[in-house]
Every structure is written in C-alpha cells, then in structure tokens.
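Using the sequences and the hints, build the whole thing.
Chains as they are written, first to last, in my numbering: chain R, 11 to 269; chain P, 1379 to 1586.
Keep in mind the hints are simulated off the structure, nothing from the lab. Note that beta-carbon positions come from the ideal geometry of N, C-alpha and C, so glycine has one too. Heads up, some of the hints might be wrong.
[Unchecked claim] Selected chain R positions facing chain P (in silico; Cβ < 10 angstroms):
| # | residue |
| --- | --- |
| 1 | Asp27 |
| 2 | Glu30 |
| 3 | Ala37 |
| 4 | Ser56 |
| 5 | Ala73 |
| 6 | Ala76 |
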Amino acid sequence: MRGDDGMHARRSGGPADRAESDRLLDAARAGTPPGADADPLTRLLSAAAGPAAPGEVAGEERALAAFRAARATDGTAPTAAAVAAPRPRRRLRIAAALSGLAATAVAGVAFAAVRLDRPPEPVVPPATTAGPTGAGPTGTGPGVTGPSRPAPGTPAGDASGAASPPAPTPASSGTPSAEGGPPAPAATSGRMAGHCRAYLAKPERQREKALTTPGFADLVAAAGGPEQVESYCRNLVGAPAEGPDDEPEPERPGPRTDD
Amino acid sequence: MTAELNEAVAGAQAGDEEAFRFLYRSLQPALLRYLTALVGADAEDVASEAWLQISRDLPSFTGGEFRAWVVTIARNRAMDHLRRQRRRPSVPVPLQALNDLAADVDTADRAGEAIATESALALIRTLPPAEAEAVMLRAVIGLDAETAGRVLGRRAGAVRTAAHRGLRRLAALLERSAASDDVRDAVAPRPRTDRQVPHAPEAEPAEG
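Structure representation (structure tokens):
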C-alpha cells in the first residue's frame, strides 16, 4: 500500500514529516501487513507489533490467580447472577456491605469456637508482648507468602482479620488478649494464622462449608484454593491439638509395672 | 477489536474469569514489549505487578479506552520500579539485531517472525527514551496520538514529534545497516540527518 512512499522514505532517511510518521504508525497499530515492496521502516514497525510469542503470555496463570483473589476478597465471586447483572457497580457496593457483615459474623463465631475449645485454665499474662508474635510465623512457615498474596485492606479482609485472634503462635502463649501486639513484618501470615486457627477449630464437617464464606475468602486465596487450606494451615500454625503448653504431656501409656 | 475488548471488560468486571483471560491475552504481549522498553529485563516483574493492580482496580474502571487505562497502570508501576532502582537500564546498540532484522524480516514461519519482532523491538529500544516510548505507545500498544499524550501527560503534538523523530532515527539506522551490507547503497549518502538538536524530551515545545 505504501510502496512508492516507501521508496521515497528510504532515499530521504525516513518519513518526511509528522503526518507521514502518523500514517506509518497507524498502519502498524492496525496490523496492516506490509507488502513485499514495503520499505525497511514499515517492516520494522510491523514486526514490532507482530503476533505474540508464547513466552510473552507466560504469566497468564499468575494474573488469573490475582484476578481470582481480588474477586474473592471484594465479594464479587463469579455467580450466574453477577454475570447477568446489568449494573455491576451498585451491586458491588451491596455485595461489599453484605460480605463485610458476613465476615464479621463468621469470624465472631470462629473466635467463639476457638475460645470454647481452649482448656479452662487460668490465663498467664504475657511475659513479652512482641516476642512470640514476631517469631512465630517466620519460624513455622517461611514459605507461605507466595507472589500472589491477596490484597489487604478490603472490607472482608479487615473485618475478619480484626475479629480473629491475632497471635500467630499455636495457642501456646495462652494469651487471648494479645490484640495489643504490634503488627509484625509478617502481618499477612499472622492474619492468616488467625484465620487458620479459626478454621482448624471448626468441627471437621463444617470446615468445607466455612471456606465458602467471605470471611475465609482471603485464607482460601492465600492457600491457593479450598482444598489447599488444610495443609496450608497445618504448615502455618501446626496441628491444632498439639499445643505443647496447653496439654499435659501424656506419659507413656503403658501400665505401670514398677513396684 | 475494541468492541470485543469492551465486552470482555464488562465480563471481567462481573467476575467472568474467561473474559479476564481474554483481556490478558489481548493486552499482555504489547504491554510486555512496552515495559521492556521502559525497564529492560525487569519487564516481566513489572507486568505482574501491573496485572495485580489491574485485577484489583478493575471494578473502578468506569469507561473510556481500556487499553489506555491498562497502559497507564503499567507505566506507573514501571516508574515506581525505576525510582526504586534509581537508574535506567543501559541499552547497547544491538548490531546482531540489525543483522537479524535484515535476514529474517521476510521469513514467513513463526520462528522467523519472532526473531524479527525481537530485533525490531531491540532497535526501537536504542532510541532516546521519550522517542522509544512514543513509538511503542503508537505502533505496538496501538494508541492514537491524543490518547498516548494523555497516558504520558503530554500534548498529542509532542507525542507526534517524538514518534516522528524516533522513526527518522530508525530509518537512519536501517539505512546505515543496509549501506554496510550493500555497497551499492553506500554511494548515496543521506541528504540530512535531522539530529542537530540533542534530544531533550522534557524541554520539548508543545508543537501542535
């Protein structure tokens, strides 16, 4: 299409004016294939806008994971109703409000469950405030925060994060009043540890259902999926019934044969 | 293309994952090429950050040109990245790219196409940053001069001028490469170079 001008451009060291440059650039962005007699500059621009190489979309799954995590935390999980909804913005606001409420409710129940599970022993005041909070998550689960960490600061995340117990060590310090502790560098895994304890405190058959609620959405996102939550949590906070301080160390169960 | 894109945007805003995948596949290749011109080898990382923010902020996109919205996010991430790095990557003139371009640009198979694309991008990256960015936004991302100007916070005329200078510089590079390949061309020196003014993109007058 630009054969003549192409010859001209080659002789004169490029497009003569801005208008000609505009035409060349517009042809490239339109994907117009250069003819066989196109000048080198036209071919260069066409090549620069050429088809995608497979390596260029290598981050697709990571981007989709980010998309899922963002949808999960802002409460716009893909439902049939959501896809069909003609006015997404208003619906979004309502959904956010609802998920905030739901998160508070769920986290409250979870917190209550944690407290009920706790053996009725006197609470020992904490010797240090920041010590166990800082050391816990980094010691138990160094590899838990992947590149696709969910976004903090969403209504659901904040509500549930604030309502669940913040101490990340597995019930060993026995201080439910640790909410004064400063946010450690690993605040996310600390928050996740809180979610995890709430999750693990649930009866086995309620767990699956709990993961569908907004309150656990960012835990699911952090774990990489509902079926990963169990192992993720066990990595992060350890098995729930093995708090070294809370349980009396069982002696060897064999019968005493000594006199 | 634009209608398809807008449809996918609406779908993704409603939570449709496949619509988001379509957006990614439509935009990521050009975005990555553009980011490579800005931050070099860190483009993949910056693109990831950009897509993270795109997924997060998608509900707040209220219309206009989605391509421009996306590229603005990517550009901001790139600028943050450069501020963190406190340096621009140095881009040596890739002689190999010139040779590859000459050799492979006609090849029809995919491998040849990929090499030609790589070479073309490498040459564009040798331009002064403002010119490279203008050419990338116009030819590769596919924005018009007005929209590119909005992304850059400059007038459309300034974008046109930068892109035009970039194209002339590229044409001169190609010509020199052809001349060194082909003695026949060496006897016809270029009449003018249009490079008496060192590029100073920030001080450029708002032409047009």
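For each hint, the structure was consulted:
no.: 1; hint: Asp27; result: holds (7 angstroms)
no.: 2; hint: Glu30; result: holds (8 angstroms)
no.: 3; hint: Ala37; result: holds (9 angstroms)
no.: 4; hint: Ser56; result: holds (8 angstroms)
no.: 5; hint: Ala73; result: holds (4 angstroms)
no.: 6; hint: Ala76; result: holds (5 angstroms)
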